[in-house]
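Asks: Given the structure of chain A, go ahead and fit chain B onto it with the hints provided.
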Amino acid sequence: QKEVEQNSGPLSVPEGAIASLNCTYSDRVSQSFFWYRQYSGKSPELIMSIYSNGDKEDGRFTAQLNKASQYVSLLIRDSQPSDSATYLCAVKRIYGQNFVFGPGTRLSVLP
Amino acid sequence: EPEVTQTPSHQVTQMGQEVILRCVPISNHLYFYWYRQILGQKVEFLVSFYNNEISEKSEIFDDQFSVERPDGSNFTLKIRSTKLEDSAMYFCASSEAGDTDTQYFGPGTRLTVL
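Going down the list, the protein sequences come from chains A and B. Using the numbering used here, the first residue of the first sequence is number 111, and each one after it goes up by one. Using the numbering used here, the first residue of the second sequence is number 6, and each one after it goes up by one.
No lab work stands behind these hints: they were computed from the structure. Owing to the predicted nature of the structure, the values given are computational and were not obtained by experimental measurement. The beta carbon of each residue, even a glycine, is placed where N, CA and C say it ideally should be. One thing to keep in mind: the hints can contain errors.
List time: in silico DSBU-like cross-link candidates among lysine-lysine, alpha-carbon distance up to 30 angstroms [what the hints assert, rightly or not]:
1) B/LYS83 with A/LYS177
2) A/LYS177 with B/LYS88
3) B/LYS47 with A/LYS166
4) A/LYS202 with A/LYS177
5) A/LYS166 with B/LYS88
6) A/LYS152 with B/LYS62
Between beta-carbon pairs, the in silico distance windows are [stated by the list, open to error]:
7) A/GLN190 with B/GLU8: 21 to 31 angstroms
8) B/LEU44 with A/LEU156: 36 to 46 angstroms
9) B/LEU89 with A/TYR181: 13 to 23 angstroms
10) A/GLN141 with B/ILE65: 15 to 25 angstroms
11) A/TYR149 with B/LYS88: 23 to 33 angstroms
This is chain A alone, in the form it adopts within the complex (with noise of 0.2 angstroms):
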């Protein structure tokens, strides 16, 4: 089983609605879950981290983590182009400096 899932897309969807992205993970001693941002050809870039069941707010992004089903999703409000990019969803064990990163989900924002 593999250890971070998520749907390689693409995800399309018009500007300004919502993109929903998923993730589900198969180690129950995860601790920390993240959302990074990947444009082609360059290096993850951190977007927002959750660490409790429930849901977390930055700005046009928002982290939902549900523990019992070992799920994670990031939503994007207002989507713009510029979100257009690959998202990767990422798990640290509660041992451990390292990430275990999903495949990615790349998102395409259309004008």
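Replies: Chain B in isolation, oriented as in the chain A frame:
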């Protein structure tokens, strides 16, 4: 704003050759990491380094890989005998000792093995 830098941006080498990828972490950071991303695939952890020794490594980080902090600013990844499957983007990252959740990634070195 301080940032992680990596050199070279692109390295081309012949199979079997040794390569050294270089990174300059953010100056007050004490944890350093290497990740790789094969084209079209996920980002994979290779190794983390703290207090002049490896603190964690993945199954990918076998005997052909080594890391070193040769001086107070550089952090290097050496691949001893490159294989075709080592072709990938290699990202260096660094973090403060008390906050390994916040890792700052460098721009990457694209390694092409011919």
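Asks: Which numbered hints does this structure break?
Replies: Violated: hints 1, 2, 5, 8, 9.
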